[in-house]
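Chains as they are written, first to last, in the numbering used here: chain A, 1 to 469; chain B, 1 to 469; chain C, 1 to 469; chain D, 1 to 469.
Hints may be right or wrong, so weigh each one.
Since copy identity is lost for identical chains, a pair holds within one copy or between any two.
[Stated by the list, open to error] Here are the simulated lysine to any residue pairs, SDA-like style, with alpha carbons at most 25 Å apart:
| # | residue 1 | residue 2 |
| --- | --- | --- |
| 1 | LYS352 | THR403 |
| 2 | LYS339 | GLY378 |
| 3 | LYS149 | THR107 |
| 4 | LYS375 | ASP109 |
| 5 | LYS178 | ASN155 |
| 6 | LYS75 | ASP158 |
| 7 | LYS318 | GLY62 |
| 8 | LYS352 | THR219 |
| 9 | LYS75 | SER52 |
| 10 | LYS352 | LYS436 |
| 11 | LYS149 | GLU126 |
| 12 | LYS75 | GLN331 |
| 13 | LYS178 | ASN69 |
| 14 | LYS104 | MET445 |
| 15 | LYS341 | ASN69 |
| 16 | LYS178 | ASP79 |
| 17 | LYS242 | ASN451 |
| 18 | LYS77 | GLN331 |
Since the hints were derived computationally from the structure, they do not count as laboratory data.
As the structure is a computational prediction, the values presented were derived from the model and not from experiment.
4 protein chains.
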Amino acid sequence: MVNTQFDDRSLHEECGVFGIYNVQEAAQLSFYGLHSMQHRGQEGTGIVTSDSENLYGHKNEGQVRYVFNDANLSKLKGDKAIGHVRYATQGGSGLMNVQPFLFKHSTGDFGLCHNGNIVNSSQLREFLESKGSIFQSTSDTEIFAHLIKQGRQTNFLDAIKESLLYLEGAFAFLLLTKDTLYAMRDKNGLRPLSIGQLDNGYVVSSETCALDMIGATFTRDILPGEVVMINQEGIHSSFYAKDVQHRMCAMEYIYFSRPDSDITGLNVHTARKQCGRMLAQEAPVEADIVVGVPDSSLSAAYGYAEESGIPYEMGMIKNRYSGRTFIEPTQAMREKGVKMKLSPVRSVVSGKRVILIDDSIVRGTTSANLVAMLKQMGALEVHMRIASPPIIAPCFYGVDTSTYDELISANMGLDELCEKIGADSLYFLSEAGLQKALNNKGLCMACFNKNYPTELYSKLEEANKDGKC
Amino acid sequence: MVNTQFDDRSLHEECGVFGIYNVQEAAQLSFYGLHSMQHRGQEGTGIVTSDSENLYGHKNEGQVRYVFNDANLSKLKGDKAIGHVRYATQGGSGLMNVQPFLFKHSTGDFGLCHNGNIVNSSQLREFLESKGSIFQSTSDTEIFAHLIKQGRQTNFLDAIKESLLYLEGAFAFLLLTKDTLYAMRDKNGLRPLSIGQLDNGYVVSSETCALDMIGATFTRDILPGEVVMINQEGIHSSFYAKDVQHRMCAMEYIYFSRPDSDITGLNVHTARKQCGRMLAQEAPVEADIVVGVPDSSLSAAYGYAEESGIPYEMGMIKNRYSGRTFIEPTQAMREKGVKMKLSPVRSVVSGKRVILIDDSIVRGTTSANLVAMLKQMGALEVHMRIASPPIIAPCFYGVDTSTYDELISANMGLDELCEKIGADSLYFLSEAGLQKALNNKGLCMACFNKNYPTELYSKLEEANKDGKC
Amino acid sequence: MVNTQFDDRSLHEECGVFGIYNVQEAAQLSFYGLHSMQHRGQEGTGIVTSDSENLYGHKNEGQVRYVFNDANLSKLKGDKAIGHVRYATQGGSGLMNVQPFLFKHSTGDFGLCHNGNIVNSSQLREFLESKGSIFQSTSDTEIFAHLIKQGRQTNFLDAIKESLLYLEGAFAFLLLTKDTLYAMRDKNGLRPLSIGQLDNGYVVSSETCALDMIGATFTRDILPGEVVMINQEGIHSSFYAKDVQHRMCAMEYIYFSRPDSDITGLNVHTARKQCGRMLAQEAPVEADIVVGVPDSSLSAAYGYAEESGIPYEMGMIKNRYSGRTFIEPTQAMREKGVKMKLSPVRSVVSGKRVILIDDSIVRGTTSANLVAMLKQMGALEVHMRIASPPIIAPCFYGVDTSTYDELISANMGLDELCEKIGADSLYFLSEAGLQKALNNKGLCMACFNKNYPTELYSKLEEANKDGKC
Amino acid sequence: MVNTQFDDRSLHEECGVFGIYNVQEAAQLSFYGLHSMQHRGQEGTGIVTSDSENLYGHKNEGQVRYVFNDANLSKLKGDKAIGHVRYATQGGSGLMNVQPFLFKHSTGDFGLCHNGNIVNSSQLREFLESKGSIFQSTSDTEIFAHLIKQGRQTNFLDAIKESLLYLEGAFAFLLLTKDTLYAMRDKNGLRPLSIGQLDNGYVVSSETCALDMIGATFTRDILPGEVVMINQEGIHSSFYAKDVQHRMCAMEYIYFSRPDSDITGLNVHTARKQCGRMLAQEAPVEADIVVGVPDSSLSAAYGYAEESGIPYEMGMIKNRYSGRTFIEPTQAMREKGVKMKLSPVRSVVSGKRVILIDDSIVRGTTSANLVAMLKQMGALEVHMRIASPPIIAPCFYGVDTSTYDELISANMGLDELCEKIGADSLYFLSEAGLQKALNNKGLCMACFNKNYPTELYSKLEEANKDGKC
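Using the sequences provided together with the hints, build the complete structure.
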């Protein structure tokens, strides 16, 4: 679990979704569920509810706990809800992209939200505009809504399934009409979506930690290509596509998801610890202590320590009281040595040979800073070990991995990189090691090997230049 | 100028628009312009700008001075802008209806905002939905945008004019593309819209006070049915309709507009003073002092005092420090006598026969309170004089006059009403008197005489039950 | 009633006090009472209450409606309270000076607040420090508390009266112990303090408008030199000094107090109107309209208009939505003509000979701006008439009249001043005229004639350089 | 490092102090220094600075990052500063107790702040009041200020030293005059205070983490009974008492201090890890995993895991996005299973025998909740191991350990307690074990053994009923 807001690393999850059906105080429970997935996005959040008669919505920029309060939650009536947390893009695309969207239509209003990225969105926009559609956001979510309404299917489920066939890319959609909740995943299963039960109702969520948070019981993952429809008659499952495969985003394990979430049956903390163990096997080094970069690399560091027999130490501290409103140190202050988010622990690292475990390297600037700080605090050696392979290609499926140009491993070999970040040695976990650590699950590892599971419709160089979710 | 937010009277203006073309710091100037029209709506506000390349937008719920700050204004780049202030509906329709809207389209994005009300909006929504449109708000503004894009005209101005023909009702629209500002009024000229100059640029505004505020010079009013197009080549005028007429909303003079604004060449303060004079002629009464209800009735009270020779006195005070965040007195506090917004001045009214001038009576509750407070403070007699005719019918053109059932004059005769509010006598200005006071301008006085200038498409009983602008 | 916060004039009231005894929800009523005196100071505010067992306090910087809310008011238990509003000093002396002070003492805690200024405070501080006292503010209020505790009197009332004898200057003190409320005025009666009744309880207030606000009935003014003690046994009155006289601050009538307040039996609006009438007699001029500077000069303008027969017009508008959080126009914006607080009404003043009534001139800069704006809007002539005499000396009694150097009338004759502000003529009300208008009440007019009713202990040049209350 | 604000455990540090001398932007650096000690208190914070001419202060209720901003920091001029963070008392004693205090005195103003608790404060207050002192807070800090000024010593350092002799209890004081910074510790050294260097200046701080945060180099701890005076001539050391001893609060190691701080030369994380190791030796148990309660017990859990050879697992997660403004789950929500701060990780603990390491048990309610949550998530056994001895007595030296009645170990034996919290076994670290783990430093362990190093002046039952710092 990492506060992407205040981390200077350039790897960002894009969004999380949460839905609930047939449970009293659906908005309040959505609040807690979304709160537990705050790490997936802090730019904005919203909830749409239904009391079987009307839909109600509230959304705004900011974190869950600031956007919602007792007053506005109490106006979100009903026992059905969908909600969304949205990641902060650089461009600050603003309020218009905060989800869920609430579409008004004489045949029935509906709420819609989305985690992922549609790769053929430009083509679809053009197509829809030619039929008279106009858009009020840059979000892919709106495209899906227009497809549903432009379609010729009169049955809503059929219209949804027909529309999904147009969409290429990664998605987990939640759609709420006044009486029905729909949940669906793309045919490669790139983004996670799980389903659980609470009392007599149902809960769907990007991560299972949200189920645990509200006391719901995990039932199963929604499958690639599956459309789950929940209404008064219970759960109904069908598939919009036949050629499905399991290609869960590896980064969900490595970096994004909370350690207490399970993905495809594998706990995230456990997966990371296995990565650390594998890394210790692949790249041992003589040293005094193992240190993890808080918070996302701690599990891997324990794994490395256990496997290597070298003691794990708390050599780096994360400040818990930072936040959006914080006064950042000026350059003059930084030069004085003022630190804000991460502080090495002098007494622990001084005079020691340190193995520093991080989960990934994107631009390399954070790594260089960490190594420099450790050495300044007296570390004799810093051996950097990365618990995932080098990122050599951008993501097209909803992860902001920075643009191609900024990916340091796409532009620099291992030795050069080691020198650049000032480490005494550097090693990345191998692809095979990662596969093994993750129990050979079906994974998307395109950012490590350019093996994209879908067509791309655009160039590597263009990836991640907008801020879609 | 009245703070409709905190007034318990039930008469509400709905929105104001402001636009600027070819002036540096367009967003900043829009901020001041909108601020001067804050009395037209306090629910929400927004600005969309263009720097000839891109459109930028920011909007939120709240007053101008809270929604905008140096940081977000500086992101609204460019020398072209449109902005909007929105009135607070009871239903709290929320953020989705705050304007301007910013529509994304491959043929060019555009911003759009609106003052008024479209009476055939339900019919148009149905029509557009049948062609595949979906809506994200309950605002009429969105309908106009869809009409433009659904139309077959390839030239933008032609598309606008074609679309306007579909719209029945009252409107003043501002539309901004990356290089052009369009301003248009309905064919009855129900809502005001003026144009002025500032340096080498142009300014359009619902009220002329916004021109004065930023140092712009008034040029002329936009005419009923006129579409003004402002681009690099200057101003271009054309008409979308031929059967135009002047039917300016009389309430703009009586209540809504700021006293320093001019409408159709007549200053609002002057108009109100003339109403007061006319009222003194029509309904003289022996008394000691003339008192106006602050702030909107002060001008009429001066006029009455001058004409009657009875001295004007400050017999009622309005508290300047109230506001949205204020703790309202509980019922127990009110029973103790705690007053918040309006306080009678005991020393001025005690032992006096008071002529109390108000601009209008909607539900009658405020009037009853005022009379009671004056008597409690020792007034011997209270003669109520209203500087406009009785409101007997709801407005369909963007004024929230309460529903038909709540209009006291629609349901009660003069004597009964006088008794109900506890006044010693009561008189309303006649329609003829109002016409004369307003120099026989072409006016819409439908709320006084049911003489609606358009078809209505719905029943009197249904008016003002939503919160459109 | 004037918003000193946002007025660029340099005349500031310093503080208001409010107290209540034996009325349920004393804190809530204090809130409304203080709110009605918000014009006397916006820097900070506080309330101390007693439930006969304990004292409770809350205070902070800011306006009444922002500092207090339901949550903190509900913690201020009891049926006894004192409260304070404090004026904003330039120096931003901050939280430490916000009142009431709450002193902890084993013989009983007490709350204390104060309107006025002690002229021998430096001498008293020195004396007290020599006896071991230390201070935590720059407020005179603290001095009085130390005097009480340093004194040898064992009876609290005696200790108060003994201590008051040390104090030279202007004051209205309220002091609350757990069971008794004390209210006292200096022996010249420089600052106002009235007493009223509400149900079975008592209310004391700097202005009577606060009594009206909460439904209390005015009983009488507390007299110069009087100490009123209110406890379970009722009201007890005594005097700490024998050589008392009536020297009420003339500025309370001219500028500070709300028009609906009565001071020494004379209503403020009425007093101002009489000043306007007197001014019309002393300084008539041929012109078309009379215009007052909102809000404090409107009454005088009506009086001038009535006496002269020249019509009063609303030639200047004050923006009601300004406030502390407002984005001030930059210099560039000002040069464009952006106005914020006061706007002339073009249609009213254009082509007219205007008599502009203001209540006073301090530094002259506001006057110059007003004249310039009117002429820019087309006024043919601007004749300035000031409803009080020239201010030629600073105040030592709690009014921030700017320093001696800044007082334009102390440094410039009438003709020079007229030229400087750009008016076509300029006239001040005479001292005799003011006396007559105010019914020959006993007044302090030291700022007009240097006739100070007390010793000063410092030089004219030193006045108003701190920010005491 | 633990967020005491939102932890439901009942053990609270009371305050932290920070000072800086002869470094530019002293206020800004104090901001960062205090921010790094935010865990020591979140109720309020303040900074007083000196530019050698004047003292400047700002303080308010709330966290460092909310109380300060660029605007108010920039007004705190000078190269000398002291600052304070204050712990949140239940009683909400409010603004009056927020520090530093800024005392005004003709012989020179001074700022003063304090961590600790004076046990004879009632006696001293009475004594001072008998000499005429009055107090404006319930803080011990004010007592010290009065003692200094009541004393007969003319030299300031002598006055300080004389005054310190009156004070019985625990304290670390910082005092700033316009040109000198004084830092002093009580003669038992109960509360920590370290000194470091930055450029040519000096830094003093309750914890060394604040030195690291701003890039300062640790020099040494201030000694029990020492008074350090820092002025233009450098550092001057002297002692106010001769019978000094080392009795550092053991809880600083166990719970309060940040893991990256060093106390008396021993790193806190290292100390905790040693406690964990010792605990594993004293109380081994057969189990599958070791889990620590985040954040303060993680180090002990690592130590236990290493020593026992049982793997450490992340079996419990702390939500990073909680905060003061958070909407707490209602009882109904809690019953549904909604968790906020701590969540067990189902996949990690399910089917496992868990050793749960916590740093201490105060009331026992948190422990019971944790055990219940783990079992609900499928843990087969939960063996609780506490890395410190049972707390059987309250603290009188500035730690809020709850009242005597609430201390569960003061009222219940081990077996009964084990049953009450529902654990399968329970063991506390022995006193001897703790001593050994902390390298036999001189410690105050009164809360474990009632061996108080000072007289108490009050009864055990009275401890921690106020909220002093």
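These are the hints, each one checked on the structure:
1. LYS352 - THR403: neither (36 Å within a copy, 44 Å between copies)
2. LYS339 - GLY378: within (16 Å within a copy, 41 Å between copies)
3. LYS149 - THR107: both (10 Å within a copy, 21 Å between copies)
4. LYS375 - ASP109: For LYS375 and ASP109, the Cα distance exceeds 25 Å both inside one copy (59 Å) and across copies (43 Å).
5. LYS178 - ASN155: Within one copy only: 15 Å inside a chain, 40 Å across chains, cut-off 25 Å.
6. LYS75 - ASP158: For LYS75 and ASP158, the Cα distance exceeds 25 Å both inside one copy (32 Å) and across copies (43 Å).
7. LYS318 - GLY62: Classified as both: same-chain Cα gap 22 Å, cross-chain 21 Å, threshold 25 Å.
8. LYS352 - THR219: between (47 Å within a copy, 21 Å between copies)
9. LYS75 - SER52: within (15 Å within a copy, 41 Å between copies)
10. LYS352 - LYS436: For LYS352 and LYS436, only the inter-copy Cα distance (24 Å) is at most 25 Å; the intra-copy one is 31 Å.
11. LYS149 - GLU126: This pair counts as both: shortest intra-copy Cα distance 16 Å, inter-copy 13 Å.
12. LYS75 - GLN331: between (45 Å within a copy, 20 Å between copies)
13. LYS178 - ASN69: Cα proximity of LYS178 and ASN69: one copy only (23 Å, versus 38 Å across).
14. LYS104 - MET445: Neither: 39 Å inside a chain and 34 Å across chains, both beyond 25 Å.
15. LYS341 - ASN69: Intra 28 Å, inter 18 Å, cutoff 25 Å: inter-copy only.
16. LYS178 - ASP79: within (10 Å within a copy, 44 Å between copies)
17. LYS242 - ASN451: Answer is within; shortest intra-copy Cα gap is 21 Å, inter-copy 63 Å.
18. LYS77 - GLN331: Classified as between: cross-chain Cα gap 19 Å, same-chain 49 Å, threshold 25 Å.
In this structure, the hints that do not hold are numbers 1, 4, 6 and 14, in rising order.
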